[in-house]
Amino acid sequence: MKYSPAAGTARLISRFTGLGKKYGLEWWILVVGALIILAIVFMALFSGTIAPFSPYDQNTGPQLIGPNAVHLMGTDNLQRDVWSRIVWGSQTILRVAVLAAVVSSVVGICLGLLSGFSGGWFDRVGSLVMDSVYSFPGLILAIAFAAMLGPGVINIMLAVAVIYIPTYFRLVRGQTLSIKEELYVEAAKAIGASRLTTLWKYIFPNVIATTAVVFTLNVADAIMTEAALTYLGLGLPPSIVDWGMDLAMGKKFLPSGHWWLITFPGVMISVLALGFTMVGEGLAEILNPRLLER
Amino acid sequence: MKSKNIFLCVVFTFFLACLPAQGFAKQTLVYGTTEKITDMDPASAYDFHTWEIFYNIYQGLLKYPPGKTNLIPGLAESYTISKDGKDYTFQLRKGLKFTDGTPFDANAVKWSIDRVMALKGDPSWLVTDFVDHVEVVSKYAVKFVLKNAVAYFPSLVASPPYYPVNPNVYPKDKIIRDPSELKGGKLVGLGPYKAVSFKRDQEIVLETNPAFYGDKPKNDRVVIRYFADATTMRLALTKGELDFAFKTLNPSDINDLQKSKTLETIKAQGPYIRYLCFLTDTPPFNDRVLRQALASAINRKALLKKVFLGQNSPLYSMVPMGMWSHTDAFKVAMGDGNVALAKKLLASRGYNENHKFTFDLWYTPTHYGDTEVDMAAVLKAQFEGTGVMKVNVKSAEWAAYKDNWKNKVMPVWLLGWYPDYIDPDDYTNAFAGTAGSIGMGIHFSSPLWDKLFVDGQIITEPRKRSAVYRQIQSMWVDDVPTAPILQGTLYLFAQKNIRGIMLSPTLQFNYGPIHRVK
Amino acid sequence: MKKSLARYVIIRLLLTIPMVFILLTIVFVILRVMPGDPVSSMLGGHAPEKVIEQKRKELGLDRSLPVQYVQYLWQICHLDLGESMIFKERVTKAIADKLPATVELTFFAMIITLFMGVFLGAYAADKRRSSRDYGIRLYGIVVYCIPVYWMGLMLQLIFGIWLNILPIAGRLGARTFASDFERTGFYVLDTIMARDFTALGDVLIHLVLPAFTLGIVLSGIFVRLTRANMLDVLKSDYILAAEARGIPHRKIVYKHALKNAFIPILTMMGLQFALLMAGAVLTETTFSWPGMGRLLLERIYLRDYPTIQGVIIVVALVVAMASLLVDVVYAMVDPRVRY
Chain A
1 MKYSPAAGTA RLISRFTGLG KKYGLEWWIL VVGALIILAI VFMALFSGTI
51 APFSPYDQNT GPQLIGPNAV HLMGTDNLQR DVWSRIVWGS QTILRVAVLA
101 AVVSSVVGIC LGLLSGFSGG WFDRVGSLVM DSVYSFPGLI LAIAFAAMLG
151 PGVINIMLAV AVIYIPTYFR LVRGQTLSIK EELYVEAAKA IGASRLTTLW
201 KYIFPNVIAT TAVVFTLNVA DAIMTEAALT YLGLGLPPSI VDWGMDLAMG
251 KKFLPSGHWW LITFPGVMIS VLALGFTMVG EGLAEILNPR LLER
Chain B
1001 MKSKNIFLCV VFTFFLACLP AQGFAKQTLV YGTTEKITDM DPASAYDFHT
1051 WEIFYNIYQG LLKYPPGKTN LIPGLAESYT ISKDGKDYTF QLRKGLKFTD
1101 GTPFDANAVK WSIDRVMALK GDPSWLVTDF VDHVEVVSKY AVKFVLKNAV
1151 AYFPSLVASP PYYPVNPNVY PKDKIIRDPS ELKGGKLVGL GPYKAVSFKR
1201 DQEIVLETNP AFYGDKPKND RVVIRYFADA TTMRLALTKG ELDFAFKTLN
1251 PSDINDLQKS KTLETIKAQG PYIRYLCFLT DTPPFNDRVL RQALASAINR
1301 KALLKKVFLG QNSPLYSMVP MGMWSHTDAF KVAMGDGNVA LAKKLLASRG
1351 YNENHKFTFD LWYTPTHYGD TEVDMAAVLK AQFEGTGVMK VNVKSAEWAA
1401 YKDNWKNKVM PVWLLGWYPD YIDPDDYTNA FAGTAGSIGM GIHFSSPLWD
1451 KLFVDGQIIT EPRKRSAVYR QIQSMWVDDV PTAPILQGTL YLFAQKNIRG
1501 IMLSPTLQFN YGPIHRVK
Chain C
2001 MKKSLARYVI IRLLLTIPMV FILLTIVFVI LRVMPGDPVS SMLGGHAPEK
2051 VIEQKRKELG LDRSLPVQYV QYLWQICHLD LGESMIFKER VTKAIADKLP
2101 ATVELTFFAM IITLFMGVFL GAYAADKRRS SRDYGIRLYG IVVYCIPVYW
2151 MGLMLQLIFG IWLNILPIAG RLGARTFASD FERTGFYVLD TIMARDFTAL
2201 GDVLIHLVLP AFTLGIVLSG IFVRLTRANM LDVLKSDYIL AAEARGIPHR
2251 KIVYKHALKN AFIPILTMMG LQFALLMAGA VLTETTFSWP GMGRLLLERI
2301 YLRDYPTIQG VIIVVALVVA MASLLVDVVY AMVDPRVRY
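Residue numbers (this note's numbering), protein chains in the order written: chain A, 1 to 294; chain B, 1001 to 1518; chain C, 2001 to 2339.
Among the hints, a few may not be true.
Claimed, not checked - Within a straight-line C-alpha distance of at most 27 angstroms, the following computed BS3-like cross-link-like pairs (lysine-lysine) qualify:
(1) K2057(C) to K1120(B)
(2) K1094(B) to K1068(B)
(3) K1408(B) to K2057(C)
(4) K1406(B) to K1380(B)
(5) K1172(B) to K2093(C)
(6) K1036(B) to K2093(C)
(7) K1174(B) to K2093(C)
I should point out that these hints are in silico values taken from the structure, not numbers from a laboratory.
Here chain A stands alone, though its shape is the one from the complex (with noise of 0.2 angstroms):
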């Protein structure tokens, strides 16, 4: 694929502006997915507005109740208002995600760029230990992490990021590597360019576009994993609104018939989750339909 920079943003400029008449099914889908996303970045931004109780009231109605008027999703045996509940826990994963996917793909961007730049013994051994960790299930190791940092809200995002700098490395070390070879980046190089300026002007803004997709999809896994760890009992206090840990609580009630604990905390999970990777996936067909072999 040959790109040049300017002509690279541009081209995404005017996808955008292509609309649905041109791409069909990819774009409602990432329609729908943004939608997704801003209806519950809404919910975390406005909690207090929209939710009718406050998470920590133990008092808001009867026990263990199924939905009704009063209680949208019923309540938990603490007397708890599951809607409440959900409303508020959407800030908890979608700070955690969020910041996850950011930190991991700044560090990820950074290191795959000195290493492909850089090459040599650096890039050999950078690009092991990442295969290695890439190679390695994810959620193991997140596990293993969160763990050790124990619980809190930095120590999962933490744990969360760790696992996701491999992909970004390595895609940016791929891009980087090709680029490097581009005509116009030994144009650069030859009217004197330094190899900073090399990095930020030429190679940087090309990686982006590839980025921006692999970052949604990101966010999506990011979301799933600080389910999973939440609901494993790990990294996140009592003390704080999540949907992973209202799931394992709600759990043991399941014989009894009180299916609404775990029924809407496993639905806000799906529904947000699939929201980033609506937008992730439509991005990458509007993109370019090649551009993801996964």
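Position chains B and C relative to chain A; hints supplied.
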């Protein structure tokens, strides 16, 4: 003709004589539990489930009859105590053998006790804190020489660390985890059952031991199935895959099963308790007024309703209900959920709505089951409900939790207690006696209390002992080294055709009397 | 020919070693930085300081980190995973007890994933741009976003509780005894070898929900992959030729095209195996499956370093072996890939 008749009679008689002697067909019982077996070694196991297995495959010198709390002879027919209360001489039953032929005698007893003391496993303090050494007096007589006179020594002897094991099978210098590590690969004691197969975390199969000296069990085989979670166990029980299930079902499952038409509920007051511990030698809780404030704010009934759906019982003293000398000390002094009193106490220290008393409350999320999270959340809400406290809830897994109390990291934390021996001393001295208190991270120390504890150990006259512990309980309300919250109820559910299940506050559960009727 | 294939295998095997080594190092360091002392966890609340110190020395925990590391590496070279710190058992035994359960689960889950993924993907490619195609593609995206454990819980609720036709946990029913037939730990094999077909039925029915749960969630990836590859293959000339020759359409799609699209899918399997192992941890927790995932979680709580490290090593090896196997098959088929 005649000879033919005679011949037939002989054949028939012979045939009758060869018939199996039992009065009923081979009976296998399937018992489900979420507990785990730890080490198959009385010198090391320190949990109630493994002890329960030992009650059935081993024997102690003394034991409790099923469902009761009085001691009766076990492997020892009788015992005498010396005048100074320090020497206990046991007369052993004669002629008993382990199934490999090794005779059971005073040597086996001494060897086993020496082994426990040398291996220094978890429960070894139950021996080493009290016993100085053991002497073989004669082939069937053994003497325990104690460090100090202790009134409740016989109940100690009934606990598994004192159980004699086969010297030819157990290695002297190693703790055994798995029966496969033993010589012969099988676990055989002197009890009513022997363990014939064991698959960790899945099942253990027990069959009756023909060499047992006592009453033969009413069933032939007991299979214990281990479940990873209570929900699965509940479903297996309702589907009929289990004959009975014990420890530990979820509160919601217990409520449902109690209403079941096909299952029998067997309930007993458990000896296990839950309470708050305070770090009493460091601010803020070195001030006993603040400790009193927290203790008075606890609304036990409300907590039980929320967390346990109404199961278990509120506890107003560290000495549990059902134990002699128990008094509802905290209820009498403070009531339950006494917000007004809590506020008053905190106000006396300058805390009010604008200047709240802030502290960390700790719990451990898995060691006591997953109701702990809820307990901490409810307590936090109750304390903050006074309007003058602010609570930060923190947690640590068991390993880190224990570290924390050793390192004085936690100002107040939730804890649970299963008794080592059935005596008020085990529920009190361990927390407020100077030595025990350090080990528990409470660091409470008072010469007056220590003197009372020593008295409690030495005095043998029951009424005088009781008076000592009642005094300790009323002192507890003033100094509050710990604040009792609840006492557990034991729930066992069985199919309606199962008989002979007897639960006991000693947590000793004998499989022998259990059988299925048609 | 044979020689270069063997070379490929050997080189790939050698490459596995540094990968396992790196993972091992990472986990080793993490574990020792963790708060919470395993020794006091082991010895219980009553142990005096002296005893704790003695135990710590016994376990080699009093030495510095680099020394402990070198010691551990030396041990590994002797293929010794050490002894559990908390319980007196060899780590290899603990893992060997649980590994077959996890492998059996992931094996069946993989079969379900492949079946569902590949056939749905081929079908979607065939019916391109139809509503069925869109539906299947949507399925492909949606299904991965469903948390494995939630899917498991929902299936337990529906099939285990409401309909009451499937068991919801464990490998065996309460009245089937593993000791009757167990030999390798792979119960499907064991029951067949023991000719105990009632037990076999019990084993299989217990596999249904967990394998299905795990398999379904990962099938989405294969759906999309197969569809993409099939779309390519279906455009090629020889497919056109086959159609011209009058070969029935279904045969073209599901026999000829699929066969050719399959190879890249096979390479994907290697990478997906890691996802399967991750999903297996969650599935095992939900279904009380006595496998390595549960072992890992349990031992992390207890700070049982040797067992945790052992599990990580074994998982890394299993994943590497699966990936290697797949690559070897690919290399056998396509010589261009070899070194």
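How the hints compare with the structure:
1. Restraint check for K2057(C) and K1120(B): satisfied, since their Cα atoms lie roughly 16 angstroms apart, inside the 27 angstroms limit.
2. Annotation: proposed proximity of K1094(B) to K1068(B) holds, straight-line Cα distance about 26 angstroms (limit 27 angstroms).
3. Taken as a hint, the K1408(B) and K2057(C) pair is honoured in the structure, with Cα atoms around 24 angstroms apart against an allowance of 27 angstroms.
4. At most 27 angstroms may separate the alpha-carbon atoms for a hinted pair to count; K1406(B) and K1380(B) meet this at roughly 24 angstroms.
5. A distance of roughly 23 angstroms separates the Cα atoms of K1172(B) and K2093(C); the hinted pair therefore holds under the 27 angstroms criterion.
6. This hinted pair checks out: K1036(B) and K2093(C) have alpha carbons roughly 18 angstroms apart, not beyond 27 angstroms.
7. A distance of roughly 18 angstroms separates the Cα atoms of K1174(B) and K2093(C); the hinted pair therefore holds under the 27 angstroms criterion.
Checked against the numbered hints listed earlier, the structure breaks none of them; every hint is satisfied.
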